[in-house]
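Q: Chain by chain, the residues run as shown.
Number of protein chains: 2
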Amino acid sequence: MTRNNKVKVYDLIVLGSGPAGEKGAAQAAYFGKKVALVEKSEFLGGAAASTTIPSKTLRETSLTLSGVRARRLHGIDLSIKGKATVKDFLHHERMVKESERKRVLNNMLRHKIDIYHGLGSFYDKKIIKVESSNNQPYYLQGEIILIATGSSPRYPDNFPKDPRIYDSDSILQIKKIPKNIVVIGGGVIGCEYACVFSELGVKVSLIHNKEILLPFLDHDISIALKNSMSKMGINMLVSDGVESCNVKEKNIEIILTSGKNIHTDSIMLATGRNSNTDKLNLDMAGITTGKYKLLIVDKNYQVIHPETKKPVDGIFAAGDVIGRPGLASTSMEQARYAMIKALDLEPYKEHIAPILPLGIYTIPECSLAGKTENECRDEKIDYVIGKASYNQNARGMIIGDTDGFIKLIYEFNKDLKKPMKLLGVHIIGEIASELIHLGVNALMMNASSNLFIDSCFNYPTLGELYKYATYDAMGNRTKRIK
Amino acid sequence: MTRNNKVKVYDLIVLGSGPAGEKGAAQAAYFGKKVALVEKSEFLGGAAASTTIPSKTLRETSLTLSGVRARRLHGIDLSIKGKATVKDFLHHERMVKESERKRVLNNMLRHKIDIYHGLGSFYDKKIIKVESSNNQPYYLQGEIILIATGSSPRYPDNFPKDPRIYDSDSILQIKKIPKNIVVIGGGVIGCEYACVFSELGVKVSLIHNKEILLPFLDHDISIALKNSMSKMGINMLVSDGVESCNVKEKNIEIILTSGKNIHTDSIMLATGRNSNTDKLNLDMAGITTGKYKLLIVDKNYQVIHPETKKPVDGIFAAGDVIGRPGLASTSMEQARYAMIKALDLEPYKEHIAPILPLGIYTIPECSLAGKTENECRDEKIDYVIGKASYNQNARGMIIGDTDGFIKLIYEFNKDLKKPMKLLGVHIIGEIASELIHLGVNALMMNASSNLFIDSCFNYPTLGELYKYATYDAMGNRTKRIK
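Quick mapping for you: the protein sequence lines, in order, are chains A and B. Counting along the first sequence from 1, when you hit position 167 you're at 166 in numbering that gives the first Met the number 0, and nothing is skipped either side. Counting along the second sequence from 1, when you hit position 223 you're at 222 in numbering that gives the first Met the number 0, and nothing is skipped either side.
Read the hints as simulated data drawn from the structure, not as lab findings. Only a predicted model underlies this, so the values are computations on that prediction, with no experimental measurement involved. The beta-carbon is built from N, C-alpha and C at its ideal position, and this holds for glycine as well. Do not take every clue at face value.
[What the hints assert, rightly or not] DSBU-like, lysine-lysine: derived pairs with alpha carbons at most 35 Å apart: (1) A:249 to A:209; (2) B:466 to A:33; (3) A:481 to B:111; (4) A:481 to B:7; (5) A:32 to B:466; (6) A:39 to A:292; (7) B:466 to A:7; (8) A:33 to A:308; (9) B:379 to A:125; (10) B:340 to A:481; (11) A:298 to A:209; (12) A:111 to B:466; (13) B:379 to B:420; (14) B:125 to B:292; (15) A:416 to B:101; (16) B:230 to B:209; (17) B:160 to B:292; (18) A:413 to B:125; (19) A:39 to B:466.
[Claimed, not checked] The following residues of chain B were derived to be distant from chain A, with all beta-carbon distances above 10 Å: (20) 59; (21) 116; (22) 293.
Throw the hints in and build the complete structure from the sequences for me.
A: Next up, the structure:
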């Protein structure tokens, strides 16, 4: 520390400006705290702005350009599949990415948060050193430090480095749309990209080491997604793994555990992510990390020692850096809640959102809130299910989504005059990630089957499916009793 | 009545198979009642299947074919505007219409409802005579009779009959897409069709006799819709009326009250609808109708005499035939509720849906639930508003809807630590009619601002706008107090 670099003192220092960092910083500043935000990149927004948003934009553009929506609606094929260049896709993607980065910046400025660009690391337990190539280091002292540095793709050892092998960050820099691609890993990122590429007319193979895709989904939804992906033409290689990957001049050869042999132009690795904790100099704060370099936290998102389980004074963490579910939505909630606890802010948010939905941007979308059928079984809860299909719904027919459906899980109640308590909502189909919010709110308010029976839904809308799935559940209850 | 036509006895006879008729019949049959459904047309489904669904399908197809979605997303213009033929539009429309008719039929068959095709009219207070060209008349006796015969377009006297002058029924039989069209009437139907035609590249003029479009909408939404329609290129002739309409060989001339003079290829009349009560032989049941041939009902949807206000024994009415709002969604609710009351069914639905949303399928969509700002002012309720824009939302940016917004109205509460009660939700933008349901449920459950603050929304979704509009309202409250 030189004389020119006096330590600036803050109530809160946030490392990282992704969804967790942004919302944590804004939350504290909103309540009058002095906040510094440290971001290693030139832009704010983190992975959400740099990879999540662009990947969802690519998805939207692919749906439009490939003509899937148009094709369903009439005889003509509007598709420009094959003729589309990467440039076509990047036009809109760049705009959206820049808007999102600007939005985050404006949010920070509006909240009068000091922004430091550079690599932040622990100088001691309370002081963060910020280094950049342009400036002398800054030293910032924080009563509270929130680590929200996110995660980076994990590169498995059995894959060589080759420009035709992409991870979920580098895939967005792809120069031309490949003829074929092998996606390694059937998690959220793997499934999402497999669908987008397939939509673009790329011949896609998906290698997944389990039988079931996305096992946290309700079984019916997971099966429906798998069928839908097969129907799209994706070569689904489940319960299989990569034995070896050999880079050749003309193509890449993958030998599978099953003995199968694939030649491909390109590979996308979707094999999990590691926490960005390497460069934080955590030793200086007396912190060690767990598996995949994850920070371990308690229920208030305060960092704890993996061995002693004791909380580390004043240091909190939220978002990808603490692991699952690693979604922007939940990361924001974690950070907001952590800051309420850390800084003892007005108790306007006394608990973390009690229901955390999951939204998967595959084609079609999947989304869930509350319990799955398997969870009910494990918890020995007696339940009744009700389903309603998009193809039995006027708007479903209008938009041409014939495969989508909603599945509601209600707690069984043998008194036919009594409503049943809602336990879980599961949707696959267009705008599933939007429709789920009705279920989220219903679950938050401990709603019963009466809610959807008593609701008036606009016509034609997909929202109506909640009512018809509830009727179905009521019918199933009656059948079971009689 | 001949010997061959014995009177068949039912618990309920329903006249008309539109949304009100279908749901009323199914409701009664579900609870074990013997039900007859009388439909004058060859197909079931009424106006919802024959005009509402086709018009919404036309809207969806126009959005896709015109390339509005694609154009927003990238440089290329996918539009086939001008090249599209009516056949292109009708391909999907026919399929959707047939599916919806089949769905209604299956619903009736599943509920073991007897269907009679023919014109139903009162033979006496309890007997309905069904006449068709194929068969001898049927005579059906009903303990309860539900009139759900809908409405038909009203044809104003100052318009001659001409094949180039369409109403909201005949417009769907249009043979080719006109170069230009004048839409008469700025109600829901007029605004919806003006947008669809404009989207298809037709030069549209809209003549509306008031300054404000759709005055039941919140003022901000109404203004935004008008601006948006102007921006689309629709010639908005507000506060104006038609003085005369002169059919010429080459075109049609309209002279406006303001003195303006328009020449057009075609006209669409959207000048209100009359109840279909003419052919019901209402005299025989001792019923008379009100303005626009409307049936007058009490709070249980039982028909009452316009003068004596006394309920007519056993006769109920629901849907368009009783007038506003004349929406499929509300019609279904009315009929279900009427049947619960009429047949004293199990009290699983003790009240009509307490919040009735409105969905307007303009481009962009508009939707509302609960109170408008004007209503709050009239009722002397102190309120705070909060807004959030689609262009500040990640999914809004992804789908390229930069004009949409949500506006929440909360009851003012000066105690900053207390949440505020939600009073109204107003949305303009893509999928507004779906997004509104979150507000409908919140209003039904008397939710406060805490609900949306505590909710976790998928990212990226438009649903998040509820949270940010609530933050905005909270900020506005704070500003007002300080």
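Q: Is residue 160 of chain B within 35 Å of residue 292 of chain B, Cα to Cα?
A: holds, 22 Å
Q: Would you mind confirming whether the straight-line C-alpha gap from residue 481 of chain A to residue 7 of chain B stays at or under 35 Å?
A: holds, 30 Å
Q: Is the straight-line distance between the alpha-carbon of residue 413 of chain A and that of residue 125 of chain B 35 Å or less?
A: violated, 38 Å
Q: Quickly compare the C-alpha distance for residue 379 of chain B and residue 420 of chain B to 35 Å and report which way the hint goes.
A: holds, 15 Å
Q: Going by Cβ atoms, does residue 59 of chain B stay more than 10 Å from chain A at every point?
A: violated, 5 Å
Q: Hey, residue 481 of chain A versus residue 111 of chain B, does the alpha-carbon distance stay inside 35 Å?
A: Holds, at about 19 Å.
Q: Against chain A, does residue 116 of chain B hold up as non-interface, every C-beta pair farther apart than 10 Å?
A: Non-interface label stands for residue 116 of chain B: nearest chain A Cβ at 23 Å, farther than 10 Å.
Q: Do the alpha carbons of residue 466 of chain B and residue 33 of chain A lie within 35 Å of each other, as the hint requires?
A: holds, 24 Å
Q: Does the alpha-carbon distance linking residue 298 of chain A and residue 209 of chain A stay inside the 35 Å limit?
A: Roughly 31 Å separates the two Cα atoms, so the pair holds.
Q: Given the hint that residue 230 of chain B pairs with residue 209 of chain B, does the C-alpha gap stay at or below 35 Å?
A: Roughly 20 Å separates the two Cα atoms, so the pair holds.
Q: Are the Cα atoms of residue 249 of chain A and residue 209 of chain A separated by 35 Å or less?
A: holds, 30 Å
Q: Has the given pair, residue 379 of chain B with residue 125 of chain A, been kept, meaning a C-alpha gap of at most 35 Å?
A: violated, 53 Å
Comparing the model with each numbered hint stated earlier shows that hints 9, 18 and 20 do not hold.
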